Amino acid sequence: MTAPRIIVVGAGPAGIRAAQTLVEAGVRPVVIDEGEASGGQIYRRQPNGFKRDFRQLYGTEHRRARDLHETFDALREKMDYRPRTLAWNLSEGALHIVHNGISNAVPFDGMILATGATDRLLPVRGWTTPGVYSLGASQIALKAQACAIGRRVVFIGTGPLLYLVATQYLKAGAEVAAVLDTSAFGHRLAALPLLLARPDALAKGLALIAQLRLAGITMLTGIRPIAIEAGADRNVARVHVRDARGRDRNFMCDAVAMGYHLRPETQLADLARCDFSFDPATHLWSPMTDAMGRTSVRGIYVAGDGVKISGADAAEIAGRLAAHAAIADLHSAHPAGRGAEGSVKKLLTSHRRMDRFRRGLAKGFPWPAHLAEALPDDTILCRCESVTVGSLRMAATALGAPEVNRAKAFVRVGMGRCQGRFCGPASAEILAAVLGKSTDGVGRLRGQAPVKPLPIATVPEDAS
Amino acid sequence: MNRFVRLAEHDRAEIRFRIDGRGVTALEGDTLLTAMRLNGFILRWSEFSDGPRAGFCLMGACQDCWVTTAEGGRLRACSTLVANDLSILTTPEVE
Ligand SMILES: Cc1cc2nc3c(=O)[nH]c(=O)nc-3n(C[C@H](O)[C@H](O)[C@H](O)COP(=O)(O)OP(=O)(O)OC[C@H]3O[C@@H](n4cnc5c(N)ncnc54)[C@H](O)[C@@H]3O)c2cc1C
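Chains as they are written, first to last, in this note's numbering: chain A, 1 to 464; chain B, 1001 to 1095.
One or more hints might be untrue.
[What the hints assert, rightly or not] Residues from chain B that keep clear of chain A, each with C-beta distances beyond 10 Å, as calculated: (1) R1016; (2) G1021; (3) G1023; (4) V1024; (5) E1071; (6) A1083; (7) D1085.
[Unchecked claim] Part of the chain B face toward chain A, derived, beta carbon under 7 Å: (8) V1005; (9) L1007; (10) F1017; (11) F1056.
[As the list claims (entries may be wrong)] Taking beta-carbon pairs under 8 Å as the criterion, some of the chain A residues facing chain B (in silico): (12) F50; (13) T118; (14) T128; (15) G136; (16) I140; (17) A148; (18) G150; (19) A174; (20) G447; (21) Q448; (22) K452.
No lab work stands behind these hints: they were computed from the structure.
All figures in this text were calculated on a predicted structure; none of them were measured in a lab.
The beta carbon of each residue, even a glycine, is placed where N, CA and C say it ideally should be.
Given the sequences, and given the hints that come with them, work out the whole structure.
Spelled out as structure tokens, the structure:
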């Protein structure tokens, strides 16, 4: 039996472990990643010529980072790795990719989607002001460019990354003006029993908060963002919030990093027509899977933060599991396909523990749906096309849009080229509130090709 | 004025390029977005008349960092490395 053709999309922790597991089973996977180099978000590599060491770049995770980079580099000859290549569409049995402006289709028998996550965002008045960046962006500036997004940075939103990136800025020598969290201290207490599923990770998180406190950084919980205000030069000048006791607080700054935990990148799974389900605990839609990462579509597997936001260690496990599933389904003749039951069992056990922790994070740092519902009409909701919250409300009330895809057709919310990555989560809450429906009752924005904007001059391979 | 602040990795070759006709410097390995923000430039003006933009996601998904080259091409500043003799135009203000 010849080995099946298996594509892995994404070379982060999940994709790297999937590729490694496939190679061990005698498969030569095609690995597609749009990044310059492998590593994914957490283990993103710096450009050539940069000299910071693993410890400076990856902190407490430096050993894991090194191990993943070395593992992937050792696989180079045994796989068909395509960096700087975007997977942008799917048709029957073929993945469409673009590299250097040239597009072609790669046929496959199986595909593992390990596409990771992007920031989940809550719009606020003034969030298009120069100097405001997503939380992920603020970390990318530091990791990949050794730059801070400004001299004095406010971190606002919620989620573990808020504290992680603030600490990374502090250590790198930037000034942290404040860390402003919409979740309440009580949320975190309630989440403790779940978070104890991973005492090591919980301890790391508490250490971050302790470091910020020791440095005298203002940290508020239970805040409500009011506005990001520009100065006379039209750049960010301050952040206005209401604190847990209802008092107005202003923080002077020249940059803002904002993020509300993460959302999975699921567009390719959507194009593959996988069934999705809504998780009421996180208010996120994800492809439905079995414990191994099999979706409802034969031959399509998903792993890592591209399905559920469980973090890097869980992503490594999920990548391995998805590869084992693909081997069992498509390459069962191979000896590695049979001898794997023991290790799969162990992987499943630790993945369940990771999932408990994931639910803890969702509980401790909840998505503030109530704040999205309450956004003033004049707030820009869609950054791509500058559509306001008020226009979306009008789509529901005056135009009668019953769900998000119709609202998009009426007022172009989610129509922009970011495909609703940044406005989608808040749009769903706003629409649900206006229509008096539950969040899942207003549906899910459908993924469309191209999943990310293509270079203008893209041509098919046979035309070049 | 918001600018990026370089915290480390100062030891790289210098690159010279132009923004709106003005000569500016950066270091090899800087993205165009980094280089423009270090020099205090915004990246573009929103075509929907709601002001200047200076990038947002840094991972190729938002629309805030498109810039125009003097030759009329479009570049995504967050995922393009600076190069000598690049010449960039931030779009004229539309109000
Ligand atoms: C900006 C950012 C920073 C983060 N930093 C941390 C951190 O410091 N610590 C931490 O614990 N967690 C961090 N996270 C959370 C992170 O998602 C996980 O910890 C971990 O990286 C998940 O691994 P993964 O393999 O599932 O996905 P990722 O590591 O995100 O890898 C996904 C890969 O898929 C590629 N990809 C996606 N779509 C396509 C496509 N259509 N075509 C081609 N390639 C594609 C991406 O380029 C990426 O390399 C961060 C997340 C983000 C978004």
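Results of checking the hints against the structure:
1. R1016: Since the minimum Cβ distance to chain A is about 17 Å, R1016 (chain B) lies beyond 10 Å and the statement holds.
2. G1021: holds, 20 Å
3. G1023: Given that every Cβ of chain A is farther than 10 Å from that of G1023 (chain B), nearest at about 21 Å, it holds.
4. V1024: About 15 Å separates V1024 (chain B) from the closest Cβ of chain A, which puts it past 10 Å; holds.
5. E1071: At roughly 13 Å from the nearest Cβ of chain A, E1071 (chain B) sits farther out than 10 Å, so the non-interface label holds.
6. A1083: holds, 13 Å
7. D1085: D1085 (chain B) clear of chain A: closest Cβ-Cβ about 20 Å, beyond 10 Å.
8. V1005: holds, 5 Å
9. L1007: Holds. Min distance 5 Å.
10. F1017: Cβ of F1017 (chain B) sits 16 Å from chain A, so the hint is violated.
11. F1056: holds, 6 Å
12. F50: Nearest chain B Cβ about 5 Å off; hint holds.
13. T118: holds, 6 Å
14. T128: holds, 6 Å
15. G136: holds, 7 Å
16. I140: holds, 4 Å
17. A148: holds, 5 Å
18. G150: G150 (chain A) check passes; min Cβ-Cβ to chain B is 5 Å, inside 8 Å.
19. A174: holds, 6 Å
20. G447: violated, 13 Å
21. Q448: violated, 14 Å
22. K452: K452 (chain A) check passes; min Cβ-Cβ to chain B is 6 Å, inside 8 Å.
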